[in-house]
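Visitor: Sequence:
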Amino acid sequence: MYQLHEVYLWMSNNLLTSLIFILDYIMIQCICNIYCSCIVLVPIVKRTWGASLPFIEFYSNVANRSIPTIDSGVPNTERGHCGKTFVILRRFVRTLNESNASENFSWLFIADDDTLVSIPRLLQLLSCYDSKDKMIIGERYGYGFSTSGRDGYDYPTGGSGMAFSSSAAKAIISDCECPSNDSPDDMIIGVCARRSGVRIIHNAAFHQARH
Numbered sequence: 001m002y003q004l005h006e007v008y009l010w011m012s013n014n015l016l017t018s019l020i021f022i023l024d025y026i027m028i029q030c031i032c033n034i035y036c037s038c039i040v041l042v043p044i045v046k047r048t049w050g051a052s053l054p055f056i057e058f059y060s061n062v063a064n065r066s067i068p069t070i071d072s073g074v075p076n077t078e079r080g081h082c083g084k085t086f087v088i089l090r091r092f093v094r095t096l097n098e099s100n101a102s103e104n105f106s107w108l109f110i111a112d113d114d115t116l117v118s119i120p121r122l123l124q125l126l127s128c129y130d131s132k133d134k135m136i137i138g139e140r141y142g143y144g145f146s147t148s149g150r151d152g153y154d155y156p157t158g159g160s161g162m163a164f165s166s167s168a169a170k171a172i173i174s175d176c177e178c179p180s181n182d183s184p185d186d187m188i189i190g191v192c193a194r195r196s197g198v199r200i201i202h203n204a205a206f207h208q209a210r211h
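The sequence shown begins at 1 in our numbering and counts up by one.
Note that these hints are calculated values from the structure, not bench results.
Please note that the accuracy of each hint is not assured.
Pairs of lysine to any residue, SDA-like flavour, derived with a Cα cap of 25 angstroms [stated by the list, open to error]: (1) 132 x 118; (2) 132 x 175; (3) 132 x 119; (4) 46 x 97; (5) 46 x 167; (6) 46 x 208; (7) 132 x 96; (8) 132 x 183; (9) 132 x 46; (10) 134 x 145; (11) 46 x 170; (12) 46 x 145; (13) 132 x 145; (14) 134 x 170.
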């Protein structure tokens, strides 16, 4: 079952597991399991916030020509989406390495299916930063910090959306791998960011809340 939340999608976690888009030319990727109602849901995305996007691609764990979707090659998981997230990151980095692609793709934004996004406000925010700097912008959490500060790490919580500069995506992909497909992607990204010298910048415009 799914329902509409205002003009954006809200669905249970076992349906669409993530939506991502790449700025400035924007790529939408939705990852769903083989049993979800993607044929019903995708038109809703296209009619609402997806309608303003110049370029859209949908990713799934199965190819479907009627949508169409691209098979990510990662099976659906009940919790933790590290495998899928790293497929998206590697895809983004491969795109950057194509001729002239780096001029068109500056940022990668990853959001859950129930995250509300204002495309104009997001673009305005990202325009304040240089995508050549290694950074991830989002709602910053912390894990395992000691009083000395030597232990623990920051991570961007996935529920509020995560904006990766192109250089941050490259650094993470070159230095890190997922322990498993169902590892918590946002926390693994935090570990990788610390290892790779990627800054995680907190911005109050990114937030998640439970009601």
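Visitor: For each hint, tell me whether it holds in the structure or not.
Guide: Results for each hint:
1. 132 x 118: 24 angstroms, holds
2. 132 x 175: 17 angstroms, holds
3. 132 x 119: Cα-Cα ~21 angstroms, so holds.
4. 46 x 97: Violated: residue 46 and residue 97 sit about 28 angstroms apart, past 25 angstroms.
5. 46 x 167: 29 angstroms, violated
6. 46 x 208: 24 angstroms, holds
7. 132 x 96: Since the Cα atoms of residue 132 and residue 96 sit roughly 12 angstroms apart, the hinted pair holds (cutoff 25 angstroms).
8. 132 x 183: 28 angstroms, violated
9. 132 x 46: 31 angstroms, violated
10. 134 x 145: 22 angstroms, holds
11. 46 x 170: Answer violated: residue 46 to residue 170 is near 29 angstroms, above 25 angstroms.
12. 46 x 145: With a Cα-Cα distance of about 42 angstroms, the restraint between residue 46 and residue 145 is violated, given a limit of 25 angstroms.
13. 132 x 145: Status violated; Cα separation ~29 angstroms.
14. 134 x 170: With a Cα-Cα distance of about 9 angstroms, the restraint between residue 134 and residue 170 holds, given a limit of 25 angstroms.
The structure shown violates the earlier hints numbered 4, 5, 8, 9, 11, 12 and 13.
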